[in-house]
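Protein chains in written order, with our numbering: chain A, 669 to 927; chain B, 179 to 432.
Hint data in this document are derived by calculation from the structure and do not stem from the laboratory. A hint or two may mislead.
Partial list, derived from the structure: chain A residues whose beta carbon lies under 7 Å from chain B [as the list claims (entries may be wrong)]: (1) T801; (2) T802; (3) T868; (4) G922.
Residues from chain B shown here face chain A by an in silico Cβ test under 8 Å; the list is partial [what the hints assert, rightly or not]: (5) Q230; (6) I232; (7) E256; (8) M262; (9) G268; (10) F283; (11) G284; (12) E287; (13) N421; (14) S423.
Don't be surprised by glycine CBs; every beta carbon is placed ideally from N, CA and C.
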Amino acid sequence: MIEKFLRKLGKPLVKFFSGLGSLSIFIIRSVGNCFIPPFYVKNLLRQVMDIGFYSLPVVGLTTIFAGMVIALQSYSGFSRFGAESAVASVVLISVTRELAPVLSALMVAGRIGAAMAAEIGTMRVTEQIDALTTLSTNPYKYLIAPRVVAGVLVLPILVLIGDVIGIYGGFVVGVYQLGFNPANYVKATLQELEYLDVITGVVKAAVFGFIISIMGCYNGFKSKGGAQGVGEATTNAVVSSSILILIFNYIITGMFFSK
Amino acid sequence: MSDSKIKITNLHKAFGKKVVLDGVDLEIKRGESLVVIGGSGTGKSVLIKCIQGILTPDQGSILIDDEEVVGVSEKEKEKLHSKMGMLFQGGALFDSLTVWENVAFGLIENQKMDRKNAKMEAIRVLRQVGLAPDVADLSPSELSGGMQKRVGLARAIATRPEIIFFDEPTTGLDPIMSDVINDLIIESVKGLGATALTITHDMASARKIADRIAMLYKGKIIWQGTVKELDKTKNEYVRQFINGSSQGPIKVEV
Ligand SMILES: Nc1ncnc2c1ncn2[C@@H]1O[C@H](COP(=O)(O)OP(=O)(O)OP(=O)(O)O)[C@@H](O)[C@H]1O
Ligand SMILES: [Mg+2]
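Construct the complete structure from the given sequences, taking the supplied hints into account.
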């Protein structure tokens, strides 16, 4: 009875830890190969375009509506006194600390993490990765490193842009819907602006970019068994990176703001 | 230097409980063209992948130019790969690159040829495998299966490797194109002085390109010899295979 139970428990546990082990090895190899030449600059630029430029519309839309909603929500909370500066500061803090990094990262995880897993997974099951190896090209350097580097570099930039757009969203609602004085609103925003808030957002973004690229590449790289395997890899990439983003968001916030 | 280019001894490979290679011994001489025949799923592709270091064998030794290649570092493997070319069974063309970029991949990435010369060289090799220059700028997905095979062949020989592996080079081609590919394989092997290991089910092709033929069955090489010896052999397994009969010692599990 107990043996049966332990066996049932053991199998997924062993699977979990062996998965964790293979992920760790994958991360070490990937990161190592980011620093060892040859560097495939063309591949890196393609990834920068894919992750950065083409994600701009999604990130813009997400953050502008986030900023707008926060303005509305906080106004109903502080509507009596000094609403202007209260709304401005709530928008500012929530957008820069939380909403821009987390929402942008989740959107990019859906867009890019899935695409990476699908592309690399297809390359795996059609033996294109083996073909790279036989052409004496290290697949970690050719495929993974450019994606990881692009993820870590580009997400912070996306988030900075998201910060501006999100704050602008709050401003639009504040001025055109809630009837605040635009000059006062801008002044309140600038007064409340703390570098630390922006920096934590950017640090988070870099970590999230790493998570998205690594989980996308890892799931693609390890996929097997044809189209179905690639489909599974895609789903796993998005789900695992989204969960990790939320977990690491908590951890990083704790590191910066818990005293 | 001995005259053996590749020497495999007691090679074992299993996936989980499934034993695929169970003590393969095989030697390929310098400049020789060896053909390995054997039923579907007997582990022919696995054998090639072990030699290339894409799969790690569980046990056994593989010598290339008298040097052990099992368990060497990634760096050593990269060096080894620069003297090998491989035509994959499924083509394995890079679908994010154009046809000529596929063919020129090794030239650009390893031999550091500039793109313009590499493209000219790629077009020359494409012509060699019977493809017109205007396919050079297409994407592999725009080609027919047979054309993809030829592009794969062109990519395998473009870097003028010392050892070339052909995994079912004629499967899926019409008989005439098959023969063109056979001629090409003979030509590139003789022309480059390369050593070739070909896997095939196509006995016409095997007879034509092989200096020697080996048969893989149940994880072991059960027979090897020249084409002449092939026709005279009393080995029941080989006879059944080359006659393509369902009656005989080889039982197909369906
Ligand atoms: N990466 C792998 N993981 C698990 N099993 C594998 C793997 N590669 C091959 N196999 C198994 O090994 C066996 C031999 O496969 P292999 O591809 O070498 O066959 P083959 O002789 O090339 O057949 P065919 O002529 O059909 O190409 C098959 O049963 C296959 O399922
Ligand atoms: Mg095969």
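Go through the hint on B:E256 and say holds or violated, using the shortest Cβ distance to chain A against 8 Å.
This hint holds: B:E256 lies near chain A, its Cβ roughly 5 Å from the closest one there, short of 8 Å.
With 7 Å as the cut and Cβ atoms as the points, is A:T801 at the interface with chain B?
At 6 Å from the nearest chain B Cβ, A:T801 passes the 7 Å test, so the hint holds.
Restraint: B:G268 near chain A, CB-CB cut 8 Å. Satisfied or not?
holds (6 Å)
May I ask you to test the interface hint for B:G284 with respect to chain A, counting a Cβ-Cβ separation under 8 Å as satisfied?
Because about 5 Å separates B:G284 from the closest Cβ in chain A, which is inside the 8 Å limit, the hint holds.
Take the shortest C-beta to C-beta distance between B:F283 and chain A; is it under 8 Å?
holds (5 Å)
Interface hint check: B:Q230, Cβ to nearest Cβ on chain A, cutoff 8 Å. Holds or violated?
Holds - the Cβ of B:Q230 comes within 8 Å of chain A, reaching about 6 Å at its closest.
Chain B contact restraint for A:T802 - C-beta distance below 7 Å:
Hint on A:T802: holds, closest Cβ of chain B at ~4 Å, below 7 Å.
Tell me if A:G922 is really an interface residue toward chain B, meaning its C-beta lies closer than 7 Å to one of theirs.
violated (38 Å)
Hint status (Cβ of B:M262 to nearest Cβ of chain A, threshold 8 Å):
This interface hint holds because 6 Å falls under the 8 Å limit.
Hint validity - B:I232 Cβ closer than 8 Å to any chain A Cβ:
holds (5 Å)
With a cut-off of 7 Å, does the beta carbon of A:T868 approach a beta carbon of chain B closely enough for the hint to hold?
Given a least distance of 36 Å, the restraint on A:T868 is violated.
Mind checking the CB of B:N421 against every CB in chain A and telling me if the closest is under 8 Å?
Result: violated, 32 Å to nearest chain A Cβ.
Comparing the model with each earlier hint shows violations of hints 3, 4, 13, 14; every other hint is respected.
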